[in-house]
Amino acid sequence: EAAVTQSPRSKVAVTGGKVTLSCHQTNNHDYMYWYRQDTGHGLRLIHYSYVADSTEKGDIPDGYKASRPSQENFSLILELASLSQTAVYFCASSGGGENTLYFGAGTRLSVL
Amino acid sequence: QQKVQQSPESLSVPEGGMASFNCTSSDRNFQYFWWYRQHSGEGPKALMSIFSDGDKKEGRFTAHLNKASLHVSLHIRDSQPSDSALYFCAARAQTGFASALTFGSGTKVIVLP
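Going line by line, the protein sequences match chains C and G.
Positions 693 to 804 (the working numbering) are the ones given, in order, by the first sequence.
Positions 6 to 118 (the working numbering) are the ones given, in order, by the second sequence.
Hint data in this document are derived by calculation from the structure and do not stem from the laboratory.
There's no promise every hint is true.
SDA-like cross-link-like pairs, simulated, lysine to any residue; straight-line CA separation at most 20 angstroms [what the hints assert, rightly or not]:
| hint | chain 1 | residue 1 | chain 2 | residue 2 |
| --- | --- | --- | --- | --- |
| 1 | G | 50 | C | 716 |
| 2 | G | 113 | C | 733 |
| 3 | G | 50 | C | 695 |
| 4 | G | 113 | C | 753 |
| 5 | G | 50 | C | 731 |
| 6 | G | 113 | C | 732 |
| 7 | G | 50 | C | 736 |
| 8 | G | 8 | C | 737 |
| 9 | C | 703 | G | 46 |
| 10 | G | 61 | C | 792 |
| 11 | G | 8 | C | 751 |
| 12 | G | 113 | C | 780 |
| 13 | G | 8 | C | 732 |
| 14 | G | 50 | C | 780 |
| 15 | C | 749 | G | 8 |
| 16 | G | 50 | C | 701 |
| 17 | G | 8 | G | 46 |
| 18 | G | 50 | C | 794 |
| 19 | G | 8 | C | 731 |
| 20 | G | 50 | C | 787 |
With these hints in hand, go ahead and build the complete structure from the sequences.
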């Protein structure tokens with residue numbers, strides 16, 4: 693089965709600090725995504741990427757940057773973490789075509 | 006207003022019973038639908054996709070799509086405790102191209118032993 697690994701699995705950050713969430717996939721997929729999950733909002737798309745060295749804004753990109761240095765790796769960066777960014781973050785990959793997304797196990801981020 | 010809306014927010018079903026829940030898109034560009042399931046503490050996993058009008062059955066799961074009304078439903082027959090999870094409907098505008106999925110807010114299903 694497709695494998696998407698996220699690190700760390702949980703993190704506590706201070707307001708105003710920098711946070712980097714990492715994602716690694718071994719599926720040989722071209723497409724990678726970052727979603728955040730909040731109760732009552734489901735999953736919302738932050739950034740995505742079709743190819744290495746290129747990223748696209750999703751529905752809620754404000755306050756987040758993304759980096760895709762290689763096909764396998766996709767990072768989400770919070771330059772100045774805020775309380776409102778407390779959430780669970782999921783990375784996913786897909787191979788195009790039918791576009792089934794394969795998700796990682798998530799990173800629980802608490803900003804204090 | 007969310008482009009993909011799900012109902013109900015939660016439901017309980019006895020073990021062995023039928024669980025049914027719904028999803029509607031307010032964006033007519035969304036023609037392609039998926040159902041994902043998320044167990045507590047895990048990432049979502051795809052259950053099935055449905056792109057054509059009518060029913061699609063995979064094991065105990067049956068999805069129904071009405072493209073005219075952009076309404077899709079999921080029915081779980083003979084519900085098992087392992088079916089207790091959060092179920093997401095997801096949609097996108099194109100097929101054959103990996104445009105990102107838009108998810109609903111989910112339906113929480115509790116299977117009572």
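*For the pair supplied as a hint, residue 113 of chain G and residue 780 of chain C, is the alpha-carbon distance within the 20 angstroms limit?*
holds, 17 angstroms
Residue 50 of chain G and residue 787 of chain C: Cα distance at most 20 angstroms?
Roughly 15 angstroms separates the two Cα atoms, so the pair holds.
Practice prompt. Would you check the hint for residue 749 of chain C and residue 8 of chain G, treating anything up to 20 angstroms between C-alpha atoms as holding?
Written response: Holds - the C-alpha atoms of residue 8 of chain G and residue 749 of chain C are around 18 angstroms apart, at most 20 angstroms.
Could you grab the alpha-carbon distance between residue 50 of chain G and residue 731 of chain C and see if it respects the 20 angstroms cut-off?
holds, 18 angstroms
Assess, step by step, whether the Cα of residue 113 of chain G is no farther than 20 angstroms from the Cα of residue 732 of chain C, and give holds or violated.
holds, 11 angstroms
Does residue 733 of chain C lie within 20 angstroms of residue 113 of chain G when you go C-alpha to C-alpha?
holds, 13 angstroms
Restraint status (C-alpha distance of residue 50 of chain G to residue 695 of chain C at most 20 angstroms)
holds, 12 angstroms
(message) Given the hinted pair residue 8 of chain G and residue 731 of chain C, is their Cα-Cα distance within 20 angstroms?
(response) Holds, because 17 angstroms separates the two Cα atoms, which is no more than 20 angstroms.
**Prompt:** Going straight from one Cα to the other, do residue 50 of chain G and residue 780 of chain C come out at no more than 20 angstroms?
**Reply:** holds, 16 angstroms
- Query: Is it true that the CA of residue 50 of chain G sits at most 20 angstroms from the CA of residue 794 of chain C?
  - Reply: With a Cα-Cα distance of about 7 angstroms, the restraint between residue 50 of chain G and residue 794 of chain C holds, given a limit of 20 angstroms.
Please verify whether residue 61 of chain G and residue 792 of chain C have alpha carbons no more than 20 angstroms apart.
holds, 16 angstroms
Practice problem: For the pair supplied as a hint, residue 50 of chain G and residue 736 of chain C, confirm whether the alpha-carbon distance does not exceed 20 angstroms. | Solution: Between residue 50 of chain G and residue 736 of chain C the Cα gap is close to 16 angstroms, so the pair holds against 20 angstroms.
Hint compliance for this structure: hints 4, 17 are not met, and every other hint is.
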